[in-house]
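**Q** This is what each chain is made of:
2 protein chains.
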Amino acid sequence: MNKESLSILGGGLIGSLWAIYLRKLGYPVQVFDKRPDTSQAKEIEGGRSINMALSFRGLKSLEKVGLKDKILPLAIPMYGREVHDEKGSTQFMPYGQANQAIYSISRGKFNLLLSEEASHLGATFHFRHKFKSIDFTSSQLTFETPTGLQKTEGGIVFGADGAYSALRLAMQKQARFNLTQEYISHGYKELSIPPLANGDFAMSPNALHIWPRGSFMLIALPNPDHSFTCTLFLPFEGEGQSFSQLHDEKSLLQFFQTYFKDALPLMPQLTLEFFTNPTSSLINISCYPWAKGKSLLLGDASHAMVPFYGQGMNSGFEDCFELHAAIEGAKPDQWELIFQEFQQTRKPNTDAMCTLAMENFVEMRNHVADPRFVLRKKIESLLHEAYPTRWVPLYTMVTFSDLPYQEAYRRGKLQEKVMDEVMADPLIAQNWKQLDLEGILTKLQQLDRSR
Amino acid sequence: MNKESLSILGGGLIGSLWAIYLRKLGYPVQVFDKRPDTSQAKEIEGGRSINMALSFRGLKSLEKVGLKDKILPLAIPMYGREVHDEKGSTQFMPYGQANQAIYSISRGKFNLLLSEEASHLGATFHFRHKFKSIDFTSSQLTFETPTGLQKTEGGIVFGADGAYSALRLAMQKQARFNLTQEYISHGYKELSIPPLANGDFAMSPNALHIWPRGSFMLIALPNPDHSFTCTLFLPFEGEGQSFSQLHDEKSLLQFFQTYFKDALPLMPQLTLEFFTNPTSSLINISCYPWAKGKSLLLGDASHAMVPFYGQGMNSGFEDCFELHAAIEGAKPDQWELIFQEFQQTRKPNTDAMCTLAMENFVEMRNHVADPRFVLRKKIESLLHEAYPTRWVPLYTMVTFSDLPYQEAYRRGKLQEKVMDEVMADPLIAQNWKQLDLEGILTKLQQLDRSR
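Residue numbers (this note's numbering), protein chains in the order written: chain A, 1 to 451; chain B, 1 to 451.
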């Protein structure tokens, strides 16, 4: 076997998993990362990580390379949302059926496990290598390293270097590269809820906790050490509630006392964390083409999305799964054809997911607390129970299946229309248990056919 | 007077005009351009220029600094579109009233005149200075020059460095910069129609000639030397007509013989020009914010648009006019406040113009040849004659007035709705001279009020 050399820019979650996939296919793999050796670093995320929620697509992609069972022990299953109102009352809303969960996992250990696995399989990691430039014709790569500029033949080059991808920036300077980078008005800050004095979780562990407050929200995800990683999403600026208004301890505590009364006593480090941790931005990236010659963007580099559907990492892992399938379905080493095929098929799916992620922000911070929203979810559950394959709630299609995102989006919009009609009945709150489910399904089918 | 030093990146049309404005305000001005000295260069555009169509907003901005009368002798008035069908018949469609024209002008001489004027007023031009980087805190600029890297204190920095702005790229790497860069599927190529053997124009000189062919088109604009600069707009790729299909002289001549039969005999250099001149891309840029600290983007750098409304240069000149007004309306040297004010007011207007430019592409290459479109224009002319201020065709608002683009867009959409209703009458082709104009105007007013 005489395989061409392959390079991956970025040794994060997607880059490491893709290195594992490529090693399993027998390719020599070099991984370049600007950070110091991840196995030496105590804290990879440094106070700016939203915990990941691993779900079906991510798990499927890990399972393909035999890693699902190694990863799950690092994660905590969350079976639903636990919604906290302003008085401190909570309500649990399952994500799907009783056995369906998404898995809270923190980036640091997960990344380490994946990069160690890739090393173990023979991938070579080069840390402190900051990608500077590429010659798209020869695939020569230039890196900034502690010992000066280094040049290397990249061969086939994968850009798994994240939302601020340097490879994408190099592509952007080439002819006819389409790009949208869009920041939302909200930023986020990492906070935490430590375990209780007796070592227990301070809240129910098997849920994603949400404090939805209309224009902002707090969430908390459980960790194996019985702490929670919290994230506050809040507008950067503005006269209403915003980060710019929280300028001292007094305004901070008053804000938490007003809006997150039940969380405040659980956050002894709040003031320190709030004024130490950075306020980070949220970006949405859409670009095309993803491929330029022998180079290809993967994961956040090609489709960074806002984190409100928990699909950023999962979609990046699914990129690996799909690209692997495209390689297996093609003649060996026909990389440019494989990349064309991959980007054409995959792009409409990640576009749909980016749109859903943006739309879910409104749902999470707002509707989730609305009794009509809760009722709507209940009716959809009834429909799903009665017609398990013909009516599948959107969240379930996205999170607990591997239906292409584009198709999930399409079906989701049809179901939304039908549900709008159902909810228009002024007596729906009384009648919902006696609905003509068969009739609702017929409407869905008619709508689907009429398109 | 102790004025802070000001720098302009880019000595093109917008940069040179802005230097003139600033000199008239008394500021010391440095202009940096990566190109060789424009006064030495024979050919600035190098076979990739679409002739400019100077119209009301551009002329107004030139007049403000006393240059309108110097510029007009370089230009040829075009009073309407001359539409060429596939058989070679032509039809003239006026742009506005009898005395209203847009002015064809070629970039090279125009640019030279403006930069010489700026020099004459005391602006210092630094050619062969390629902008490399900026420190947004200190405003220190770094340039690549023939004698190596040079650093200079930029003071207040204006990025008039065009659609591929290097200052914008530097801003893009800063936090929370929103950007969309979007290439359309069509490219363009510059061609020419020389004067006849007797020195005359080969076609009627006071018109913008169009050969609209649905998915592509050819246009021609007159020059003072009695030639025409032609531009072919055609998809890059595709199985229909596209640049990729025109790979040799035979396919090229056959294409022109089929679609531009009357133009072909007027283009003796066609084959040479077609295979020598580059095929250029068309980009749309939308970004925000335009200002970062003491730096500001102007013209194409902040809002490059496709050329189909002839407003790219005009909108950039109007940027100068508006920014000048903002400076005059503010306390001296409150640059950051001035920039905030300017970008907030100006951005919705250039957004509207970018959208109109994209929409006009469909109109130019397609509808312009449609008898119903012609009829529609005639009815709008009647309305405009009857109610000169209350019904103004969209093209007139954009091209022959300085109504804010956003307001022109809004009114244009309302008028479009009303005209859709008027045109829905199956007998309109017979009835159009007996229309109830008063009734149509009332509909427009009702629609406007109901919003």
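Treat each hint with caution, since some may be false.
[Unchecked claim] Pairs of lysine-lysine, BS3-like flavour, derived with a Cα cap of 30 Å:
(1) B/Lys24 / A/Lys413
(2) B/Lys60 / A/Lys34
(3) A/Lys60 / A/Lys132
(4) A/Lys151 / B/Lys34
(5) A/Lys87 / A/Lys378
(6) B/Lys378 / A/Lys151
(7) B/Lys417 / A/Lys173
(8) B/Lys130 / A/Lys173
(9) B/Lys417 / A/Lys417
(10) A/Lys417 / B/Lys130
(11) A/Lys64 / A/Lys417
(12) A/Lys64 / A/Lys87
(13) A/Lys413 / B/Lys151
(14) B/Lys417 / A/Lys132
(15) A/Lys34 / B/Lys378
(16) B/Lys377 / A/Lys173
(17) A/Lys34 / B/Lys417
(18) B/Lys34 / A/Lys132
(19) B/Lys34 / A/Lys130
(20) A/Lys130 / B/Lys132
(21) B/Lys132 / B/Lys413
(22) A/Lys173 / B/Lys413
(23) B/Lys413 / A/Lys34
(24) B/Lys417 / A/Lys130
(25) A/Lys34 / A/Lys132
(26) A/Lys24 / A/Lys87
(27) A/Lys130 / B/Lys378
(28) B/Lys378 / A/Lys173
(29) B/Lys378 / B/Lys417
(30) A/Lys130 / B/Lys347
(31) A/Lys68 / A/Lys417
(32) A/Lys417 / A/Lys24
(33) B/Lys347 / A/Lys132
(34) A/Lys132 / B/Lys130
(35) B/Lys151 / A/Lys151
(36) B/Lys173 / A/Lys130
(37) A/Lys151 / B/Lys130
(38) A/Lys132 / B/Lys413
(39) B/Lys173 / A/Lys347
(40) B/Lys417 / A/Lys151
Because the hints were derived from the structure by calculation, they are not lab data.
**Q** Are the hints correct? Go through all of them and say.
**A** Status of each hint after checking the structure:
1. B/Lys24 / A/Lys413: Between B/Lys24 and A/Lys413 the Cα gap is close to 58 Å, so the pair fails against 30 Å, i.e. violated.
2. B/Lys60 / A/Lys34: Answer violated: B/Lys60 to A/Lys34 is near 52 Å, above 30 Å.
3. A/Lys60 / A/Lys132: Not OK: A/Lys60 and A/Lys132 at ~34 Å, beyond 30 Å, violated.
4. A/Lys151 / B/Lys34: Holds. A/Lys151 to B/Lys34 sits at ~28 Å (cutoff 30 Å).
5. A/Lys87 / A/Lys378: holds (24 Å)
6. B/Lys378 / A/Lys151: It is violated: about 65 Å lies between the C-alpha atoms, which goes past 30 Å.
7. B/Lys417 / A/Lys173: violated (41 Å)
8. B/Lys130 / A/Lys173: holds (16 Å)
9. B/Lys417 / A/Lys417: holds (27 Å)
10. A/Lys417 / B/Lys130: Outside the cut-off at roughly 55 Å; violated.
11. A/Lys64 / A/Lys417: violated (36 Å)
12. A/Lys64 / A/Lys87: violated (45 Å)
13. A/Lys413 / B/Lys151: At roughly 55 Å apart (the allowed maximum being 30 Å), B/Lys151 and A/Lys413 break the hint.
14. B/Lys417 / A/Lys132: Not satisfied, since the Cα-Cα distance of roughly 52 Å exceeds 30 Å.
15. A/Lys34 / B/Lys378: Between A/Lys34 and B/Lys378 the Cα gap is close to 64 Å, so the pair fails against 30 Å, i.e. violated.
16. B/Lys377 / A/Lys173: Outside the cut-off at roughly 42 Å; violated.
17. A/Lys34 / B/Lys417: violated (56 Å)
18. B/Lys34 / A/Lys132: holds (23 Å)
19. B/Lys34 / A/Lys130: Roughly 28 Å between the alpha carbons, so the hint for B/Lys34 and A/Lys130 holds.
20. A/Lys130 / B/Lys132: holds (19 Å)
21. B/Lys132 / B/Lys413: violated (43 Å)
22. A/Lys173 / B/Lys413: Judged against 30 Å, a Cα distance of about 36 Å means the pair is violated.
23. B/Lys413 / A/Lys34: violated (51 Å)
24. B/Lys417 / A/Lys130: violated (55 Å)
25. A/Lys34 / A/Lys132: Holds. A/Lys34 to A/Lys132 sits at ~10 Å (cutoff 30 Å).
26. A/Lys24 / A/Lys87: violated (53 Å)
27. A/Lys130 / B/Lys378: violated (62 Å)
28. B/Lys378 / A/Lys173: violated (45 Å)
29. B/Lys378 / B/Lys417: Holds, because 16 Å separates the two Cα atoms, which is no more than 30 Å.
30. A/Lys130 / B/Lys347: It is violated: about 36 Å lies between the C-alpha atoms, which goes past 30 Å.
31. A/Lys68 / A/Lys417: violated (37 Å)
32. A/Lys417 / A/Lys24: Distance ~45 Å between A/Lys417 and A/Lys24 Cα, so the pair is violated.
33. B/Lys347 / A/Lys132: violated (33 Å)
34. A/Lys132 / B/Lys130: holds (19 Å)
35. B/Lys151 / A/Lys151: OK: B/Lys151 and A/Lys151 at ~28 Å, within 30 Å.
36. B/Lys173 / A/Lys130: holds (16 Å)
37. A/Lys151 / B/Lys130: With Cα atoms ~25 Å apart, A/Lys151 and B/Lys130 stay inside 30 Å; holds.
38. A/Lys132 / B/Lys413: Roughly 47 Å between the alpha carbons, so the hint for A/Lys132 and B/Lys413 is violated.
39. B/Lys173 / A/Lys347: Since the Cα atoms of B/Lys173 and A/Lys347 sit roughly 25 Å apart, the hinted pair holds (cutoff 30 Å).
40. B/Lys417 / A/Lys151: violated (60 Å)
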